[in-house]
Amino acid sequence: MKKLIRLTVNDREYDVAVLPNQTLVDVIRYELGLTGAKKGCEMGDCGSCTVLMDGKPVNSCLVLAMQAAGRKIQTIEGIETENGLHPVQEAFVQKGAIQCGFCSSGMILTAKSLLDKNPNPTEQDIRKSLSGNLCRCTGYQHIIEAVKSVTP
Amino acid sequence: MKPEYNVIGKSLPRTGSVDRLRGAPVFAADIQLENPLILKALRSAHDHAEVVAIDVSKALAIEGVVRIFTAADIPGKNLLGIINKDQPLLATDKVRSRSDAVALVAAETESAAHEALAAISVTYNPLPSVTDPFEALKTDAPKIHPKGNLLFSRKIRQGDAEAAFAGCASVIEKTYRTSMIEHNYLEPDAGAGFVDTDGTLVIYASTQNPHYDHKEVVTLLGLGDNQVRIIQAATGGGFGSKLDLNVQGFIGLALFHLKRPVRHVYTREEAYLATAKRHPLTLTVKTGADADGRLKAIKAHIVCDTGAYGSYGIAVASRSAVHVTGPYEIEHVDIESYCVYTNKPFCGAMRGFGAPQVAFAHESQIDLHARDLGMDPLDIRLKNCLRVGSKTGTGQVLTASVGIGECLEAVKPYYREALESGVSAPTHPFRRRGIGLGAMWYGIGNTGVQNPSTAGIEMDPEGHITLFTGCADIGQGSTTVLAQIAAETLGVQPAEIRMVVGDTKYTTNAGATSASRQTYISGNAVKDACQKLGDVLMTEAINRLHSPKDSLVFQDGHVVIKAGPENRPEDRIDFPCLAKRIHAKGVPLFWQGYFDPETIPLDPETGAGSPYATYAFACHLALLEVDTLTGQVTLEKLVAAHDVGQAIHPENVIGQICGGAAMGIGFALMEEFEPQKTVSMKDYHIPTCADVPTVIPIIVESAEPSGPYGAKGVGEPALIPTAPAIINAIARALGERIYHLPANLERVLAASISSGHFGPQEVTHG
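These protein sequences, in sequence, are chains A and B.
Counted from 1, the first sequence has number 117 at position 117 by this note's numbering; the numbering is strictly sequential.
Plus 152 on top of the position in the second sequence (first one is 1) and you've got this note's numbering.
Just so you know, not all the hints are guaranteed correct.
Capping the alpha-carbon separation at 25 Å, the derived lysine-lysine pairs in DSS-like fashion look like this [stated by the list, open to error]:
hint, chain 1, residue 1, chain 2, residue 2
1, B, K789, A, K128
2, B, K684, B, K732
3, B, K295, B, K246
4, B, K714, B, K732
5, B, K834, A, K56
6, A, K148, B, K162
7, A, K128, B, K834
What the simulated footprint calls covered on chain A by chain B, stretch by stretch (three residues with Cβ under 8 Å from a Cβ of chain B suffice, anywhere in the stretch; the number is not a length) [as the list claims (entries may be wrong)]:
hint, stretch
8, 3-13
9, 138-148
If you're looking for bench data, these hints aren't it; they were derived computationally from the structure.
Think of the CB as a built atom: it goes at the ideal place given N, C-alpha and C, for glycine as much as any other residue.
Just need the whole structure built from these sequences, with the hints factored in.
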């Protein structure tokens, strides 16, 4: 049985009717039409569906849409500023940190969350923080260089 | 002296990056369609069974289920395969593995489709199955295909290996085993499609080879070429597995019958179950070296388990045979490689086509010889490595661009520094450090068979340039590289060239994005097309500039008289002006380019031939630490030197090197796909950023005369030397060698125990 909930995504409020077993990633992708969060495993193993919930990265395939009601959700579509790309996005372009791009949304959101908390992370901090976001293309080196290059 | 280029060798921003990091709907699962039907395939319940009956009545009665297809619904030829056609899209008389699709559901919703899968009743008559390739070769083994279980064999014979062993000071014979590997690209296979207003079936697919997909779908449905259009969607990694038809045939079949938009997206579980894997190889390799450490002879017996279908198995068996000598000159060669069917999920292309598996063997062998003869592992490689003028195992004489010696020299300072810093001395009671080398060679393009590419270039009467290429960019950056090659040839900036990529309606065949072939082969096709257009522009410019053609060059969208002392306006003419004049004369401004590397097929009996027009070379150095009590291997550093001919886009090359090294770490230490046990990403671990050390990439440029601006390739070479370097480093750390990949915790621990390291070590201070 569907229930009407209010979701705050990228500072915009949406009233959506969702099923109790509907995941946040499915609602974001199919009800709200935001395709930045990707479905790579649907088991919380790959991190491709990462979104920020109250500023913290979560695997949106493991969050029920109903659990997200009343929380502040941010997806890759919502981090650009008036000046264009978010500095982490810009760094990913500059450092060649994107190959196929399927992991990029999740990777960037996790990195943004880290940098919001800790503007000067060590390489170990970055590796630890990103270890839940898998990438099969880059070997992570350019991604880590990109995150390092974002200065406060 | 190195030539000077305008855009070759410059790391420009890659095409498509911004769309991807803004979350734009570029992947096949993201593409918006009006009310699409959901497709799901039912897979076999047995390893090997006759399909007696399929009852879909209960499934069809489920609300939302629109249609269920079986093999009987396929109007054309129900047999797929890029090299040999042996794989039905939907099972006919029998299933040969659990990957086989038996029926296809089309439903209004995901849940109705799932319900329908469970409600289809298939009556099977189970048959005896065989999962071991050696068992499968026995005469009484269950027959998987009508022609038997041996799909293909490749022999390479030169000189007299047996006689040569007799004169060798060091003869080593070992058996090596590698595991089935899952590509594990992050994007599960996906596609979508609709029927266009003119009746064309339009299929978006996550693919490495849109023109092959097109041919297969056309044949499957019995349609004409212009009735099917494949558009490559953004492809979230491929690594070889998206060379086979995954969803494309299913989407085509549904569009053909239902004329409604459809979407087919694999779950991760289905991507694991139903797509190609890396061939597990069993190789017995015997090599002999003289007292100076010079390799004299090799005898190798290779068995490639291709599972239920051929896919790229023949290519893997053939390439394995050619590459098992390693990047070394060996006079006497006796190699046999077999490709064998079993009732396992099928194996196909995966980054390296057998070369990573055989590199594990040849690099272990050369380290064993070094130890046997008291030689340094780097010195013995330098002594044996191929050079200009060397003859390979197939009798091919290498005439240029043989950079293996330079790669070995490039890692030498890091190697010597590590040795001098006492890398293998214990620093902890339970930990041992190790250093290891891995070298490789890799033939660019397909093995001794034609594999051309084509490309189109067009200038409109206003002077705008469009490049048409069928080359699928799957994240490696080929679109950027091909734009650079076109821009260099025509003297413009890459951003000024409009790119039309991977759409069978507008582009011609560029062949597969595989075998590290696109920069070299499609790059040459692009250059050829641009030179033809360039010639027309130059010829027209002669009339205007009153200067001979050899005095003219392209510069910033103009033809100019080169190297004049003053830069006079009358010495240059811009492209729009030329294009308008050429167009007015009715001379074409669209030109097609073509390139096929010059190869000579391998002789079926002796293997003699020139299988590749050029080879890439590399050497990796691994520094690591082994915990002797847990078997945990911690990588400290990888140094990766690659001869790529000429790096068109150095950042892309480094991206390939780092990504390949990470995949090589997985191959070396953790990855193993076990049918029916490996179900999801919980059971199969790929390296995370915590598992990968800093990689020091070194680009070696030994220009290839036949390459576009000297380029070769790097995609697969990046992965090949990593595992051998790691395994050699573990062997050096423990004094005990591992012959079965992956060197997971259990195998490293077993090696630690048998080497006597399982216990406290004496720590050396100072």
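Against the structure, the hints come out as follows:
1. B:K789 to A:K128: Holds - the C-alpha atoms of K128 (chain A) and K789 (chain B) are around 18 Å apart, at most 25 Å.
2. B:K684 to B:K732: Cα-Cα ~17 Å, so holds.
3. B:K295 to B:K246: 12 Å, holds
4. B:K714 to B:K732: Satisfied, since the Cα-Cα distance of roughly 23 Å is no more than 25 Å.
5. B:K834 to A:K56: 23 Å, holds
6. A:K148 to B:K162: 23 Å, holds
7. A:K128 to B:K834: 19 Å, holds
8. 3-13: violated (count 0)
9. 138-148: Per the Cβ count (7), the hint holds.
Hint 8 from the list above is the single one not met by this structure.
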